[in-house]
Amino acid sequence: MSLRVLFMGTPDFAVPTLEALLSSPHRVVAVVTQPDKPAGRGRKPRPSPVKQLALQAGLEVMEPQRAGQPENLEAIRQLQPEVAVVVAYGQILPPSLLGIPPLGCLNLHASILPRHRGAAPIAWAILCGDAVTGVSVIQMDEGLDTGPVMACLETPIGPQEDARGLSARLSALGAELVVETLGRLESGSIVPSPQNEEEATYAPKLRKEDGRICWEHGAERISRQVRAMVPWPMAYTSWRGRQLRILKARPLPMQAWDRPGRILKAKGRSLWVATGDGILEVLELQPEAKQPLGAQAFISGRGAVEGEILGGGCPGHAPGVDGPLG
Numbered sequence: 001m002s003l004r005v006l007f008m009g010t011p012d013f014a015v016p017t018l019e020a021l022l023s024s025p026h027r028v029v030a031v032v033t034q035p036d037k038p039a040g041r042g043r044k045p046r047p048s049p050v051k052q053l054a055l056q057a058g059l060e061v062m063e064p065q066r067a068g069q070p071e072n073l074e075a076i077r078q079l080q081p082e083v084a085v086v087v088a089y090g091q092i093l094p095p096s097l098l099g100i101p102p103l104g105c106l107n108l109h110a111s112i113l114p115r116h117r118g119a120a121p122i123a124w125a126i127l128c129g130d131a132v133t134g135v136s137v138i139q140m141d142e143g144l145d146t147g148p149v150m151a152c153l154e155t156p157i158g159p160q161e162d163a164r165g166l167s168a169r170l171s172a173l174g175a176e177l178v179v180e181t182l183g184r185l186e187s188g189s190i191v192p193s194p195q196n197e198e199e200a201t202y203a204p205k206l207r208k209e210d211g212r213i214c215w216e217h218g219a220e221r222i223s224r225q226v227r228a229m230v231p232w233p234m235a236y237t238s239w240r241g242r243q244l245r246i247l248k249a250r251p252l253p254m255q256a257w258d259r260p261g262r263i264l265k266a267k268g269r270s271l272w273v274a275t276g277d278g279i280l281e282v283l284e285l286q287p288e289a290k291q292p293l294g295a296q297a298f299i300s301g302r303g304a305v306e307g308e309i310l311g312g313g314c315p316g317h318a319p320g321v322d323g324p325l326g
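Position 137 of the sequence shown, counted from 1, bears residue number 137 in this note's numbering, the numbering being contiguous throughout.
Quick caveat, the hints were computed from the structure, so don't treat them as lab data.
Check the hints yourself; a few may be wrong.
[What the hints assert, rightly or not] Distance windows between CB atoms, simulated:
| id | residue 1 | residue 2 | range |
| --- | --- | --- | --- |
| 1 | N196 | P70 | 35 to 45 Å |
| 2 | E197 | P156 | 22 to 32 Å |
| 3 | Q91 | E197 | 22 to 32 Å |
| 4 | A297 | W257 | 25 to 35 Å |
| 5 | Q52 | R259 | 42 to 52 Å |
| 6 | M254 | P192 | 43 to 53 Å |
[To be verified] Straight-line C-alpha distance at most 20 Å; calculated SDA-like pairs for lysine to any residue:
| id | residue 1 | residue 2 |
| --- | --- | --- |
| 7 | K265 | R250 |
| 8 | K248 | A304 |
| 9 | K267 | P287 |
| 10 | K267 | E284 |
Predicted, not measured: the structure shown is a model, and the values here were computed from it.
C-beta: ideal position from N, C-alpha, C; glycine also.
Let's have the full structure, built from the sequences with the hints guiding it.
Quick look at the structure:
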C-alpha cells in the first residue's frame, strides 16, 4: 500500500524527509518549494536545497509566490494528493490548501509541541537550556503549529551541541518519523492528541541583534547563546571598535569579581572573559572580515591583552528567555 504524497519544503532541514519519502513505498506526486532566491557575490538565483533534490529525482516542482494563489491550488487539485507533508516550507498555508488532501496536511516541527512553536525552535531550545528536545508530526490547522500531534520523538541535547549539529540530527529523526507516521495514518491506527495550550511557548524567528552578547549575563547563558546562534546570526561582541564573533566557548567553574566583558586572561591557549556570573573561556573566534581563529592564534596574532573590554550595552528583551537575550 502507498499514499500519493504532495511534499512542501525548502531548506536543508527538509531534504532528509524528501529523501526518506522517495525511498519509501509512498509516491511523491510533486514538490512545492520557495522560488529561487539571489545568493552569493553575483546575486544569481539559487534553487532551494529541496528543489535541487526534486529535480535530480525527476519530480514535478512548483514554486508559487503564494501557496494559496488560485492557479497553484488548481494545480495541486489536479495532482490528487491523498496527503501533504510539510517541512519548513516557509509560508503559512491557507485553509483553501489545507482542505485539498483528504488525509490532511502533516507538518514536521523541530520541537516537542506545544513547547517552542514558531520559526526557530532549535535555537530557542538551546537558548532556554532545555535538556531534551525532539520532533513532532502534527495535523495542520489554521494556527501556527497548533494542530493535534500525530507522533513525536524525544532526544537529549548534547552539552556542547550547537544549533547546526542539532538541526542535522533532528532532520534525520524527523524524516524517519514522517514515514512511520504515514504508514500508521494509512492503516488508521493513529489517534491525534490535542495540544495543551497552557503549556505552549514560542520560538520566534531570530534577528541579527539576537546574536549580540551582553556580558552582564552569566557565562552559562552566554555559552548557550554562542551554540544557539550557529549558523546565523552567530554570537558576536565588539573589540577595538570592530565586530568580533565568538564561535566556540564554555563556562568555567569559577567566579569573576570584575567588570563584565573584561579579558581576565590572554595567555597561551587561554582567553578568559568576565561575565555577570562566572568566567567564559573563549575557544574560537573570528575578527571582522578575517578567518576563524583559535584562542591561541588570536592572542598571539591579533594582540589581545588582559584588561581589554569587550562589547557595549545590552539589547532589548527577547521572548522565551528570562530577561534580555544579549
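Cβ separation of E197 and P156, checked against the hinted range 22 to 32 Å: 26 Å, holds
Hint consistency between K267 and P287 [alpha-carbon to alpha-carbon, up to 20 Å]: 18 Å, holds
Hinted pair K267 and E284, Cα distance within 20 Å: Holds: K267 and E284 sit about 14 Å apart, inside 20 Å.
Beta-carbon spacing of Q91 to E197 - inside the hinted bounds 22 to 32 Å or not: 24 Å, holds
Outcome of range test on Cβ distance (M254, P192; 43 to 53 Å): Given range 43 to 53 Å: holds, Cβ gap about 50 Å.
Cβ separation of A297 and W257, checked against the hinted range 25 to 35 Å: 29 Å, holds
Proposed proximity, A304 with K248 (alpha carbon, max 20 Å): Given that 20 Å is the threshold and the Cα spacing comes to 17 Å, the pair holds.
Holds or violated: K265 to R250, with C-alpha atoms at most 20 Å apart: 15 Å, holds
Whether the CB-CB distance between N196 and P70 falls inside 35 to 45 Å: 37 Å, holds
42 to 52 Å as the expected CB spacing between R259 and Q52, which holds or is violated: 49 Å Cβ-Cβ, so the 42 to 52 Å window holds.
Taken one by one, the earlier hints all hold for this structure without exception.
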